[in-house]
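All chains should be built: construct the whole structure from the sequences, respecting the hints.
Here the numbering used here is used: the first residue of the sequence shown is 9, the next is one more, and so on.
The set of hints was computed from the structure by calculation and includes no laboratory data. Every value quoted in this text rests on a predicted model; they were computed, and no experiment measured them. Any given hint could turn out to be false.
What the hints assert, rightly or not - Cβ pair distances, simulated, as ranges:
(1) 57 to 77: 14 to 22 Å
(2) 122 to 86: 30 to 38 Å
(3) 146 to 56: 30 to 38 Å
(4) 87 to 55: 29 to 37 Å
(5) 100 to 129: 16 to 24 Å
(6) 89 to 132: 15 to 23 Å
(7) 74 to 35: 28 to 36 Å
(8) 133 to 40: 30 to 38 Å
(9) 76 to 133: 15 to 23 Å
(10) 57 to 35: 31 to 39 Å
(11) 76 to 100: 27 to 35 Å
What the hints assert, rightly or not - DSSO-like mimics (lysine-lysine), calculated; alpha carbons at most 27 Å apart, straight line:
(12) 77 to 122
(13) 77 to 40
(14) 39 to 122
(15) 122 to 95
(16) 95 to 77
(17) 40 to 122
(18) 95 to 40
(19) 77 to 39
(20) 39 to 95
Positions of the beta carbon are idealized from the N, C-alpha and C atoms, including for glycine.
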Amino acid sequence: MSGNKFVARLALGVVASLVSLASIAGPVSGKKNLICDSAHVVACADGACMQGTPVTFGLMNFFFVDIAKREVHGVDSEGQEALSPVKNSEITEEAIILQGFENHRGWTMGIDRKTGGLTLSSTGADVNFMITGNCIER
Numbered sequence: 009m010s011g012n013k014f015v016a017r018l019a020l021g022v023v024a025s026l027v028s029l030a031s032i033a034g035p036v037s038g039k040k041n042l043i044c045d046s047a048h049v050v051a052c053a054d055g056a057c058m059q060g061t062p063v064t065f066g067l068m069n070f071f072f073v074d075i076a077k078r079e080v081h082g083v084d085s086e087g088q089e090a091l092s093p094v095k096n097s098e099i100t101e102e103a104i105i106l107q108g109f110e111n112h113r114g115w116t117m118g119i120d121r122k123t124g125g126l127t128l129s130s131t132g133a134d135v136n137f138m139i140t141g142n143c144i145e146r
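As structure tokens, this is what we get:
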């Protein structure tokens, strides 16, 4: 990644981290791309669970859902890009459900179409995550 792209993404991340999507979240159609925030994380491993922010666990604060390309992508706090294809999807009157598999982990994302509320779970052999946040159309 070039230095200019990294600086631009870092600046976007800093500005975006100052604004929670909860204050502007609302209905989502399922037809437009989404930007989502990870507001709260619960991680469990070896029978014990911890709560924290995405940064606590090295996860992304924000990520993007490309509906047409069927991809979820983002940049973590260290500038590393991540991309995960959506393997299964369903859009109902109430929710957008997306599922995928990446790096030996399965994930399921549910987005409430009325509020933009997000619940994301990621499971693997070593640690399991439950992430809540919000999504808006972009």
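Here is what the structure says about each hint:
Taking the beta carbon of each, residue 57 and residue 77 are about 34 Å apart, not inside 14 to 22 Å as hinted. Our hint of 30 to 38 Å for residue 122 and residue 86 holds, since their Cβ atoms are close to 35 Å apart. The hinted window of 30 to 38 Å between residue 146 and residue 56 holds, with their beta carbons roughly 37 Å apart. Evaluation of the 29 to 37 Å hint for residue 87 and residue 55 yields a pass: the beta carbon distance comes to about 34 Å.
Our hint of 16 to 24 Å for residue 100 and residue 129 holds, since their Cβ atoms are close to 18 Å apart. Take residue 89 and residue 132: their Cβ atoms lie about 20 Å apart, and the range 15 to 23 Å holds. Between residue 74 and residue 35 the C-beta distance comes to about 19 Å, which lies outside the given range of 28 to 36 Å. Taken as a hint, the range 30 to 38 Å holds for the pair residue 133 and residue 40, whose Cβ atoms sit roughly 35 Å apart.
A C-beta distance of roughly 33 Å is found between residue 76 and residue 133, which places it outside the suggested range of 15 to 23 Å. Taking the beta carbon of each, residue 57 and residue 35 are about 32 Å apart, inside 31 to 39 Å as hinted. Between residue 76 and residue 100 the beta carbons are some 19 Å apart, a value that contradicts the proposed interval 27 to 35 Å. Restraint check for residue 77 and residue 122: the C-alpha separation of about 23 Å stays at or below 27 Å, so the hint holds.
Taking the CA atoms of residue 77 and residue 40, the gap is about 11 Å. The hint holds against a cut of 27 Å. Proposed proximity of residue 39 and residue 122 is supported: the alpha carbons are some 14 Å apart, at most 27 Å. In summary, the hint linking residue 122 to residue 95 is supported, as the alpha carbons are separated by about 24 Å, within the 27 Å threshold. Between residue 95 and residue 77 the CA atoms are separated by roughly 11 Å; this keeps the pair inside 27 Å, and the hint holds.
Using a Cα cut-off of 27 Å, the hinted pair residue 40 and residue 122 holds, with the two alpha carbons roughly 14 Å apart. For the proposed pair residue 95 and residue 40, the alpha carbon gap of about 18 Å is at most 27 Å, so the pair holds. Pair hint residue 77 plus residue 39 holds up; C-alpha atoms about 12 Å apart against a cutoff of 27 Å. At most 27 Å may separate the alpha-carbon atoms for a hinted pair to count; residue 39 and residue 95 meet this at roughly 17 Å.
In summary, the numbered hints that this structure violates are 1, 7, 9 and 11.
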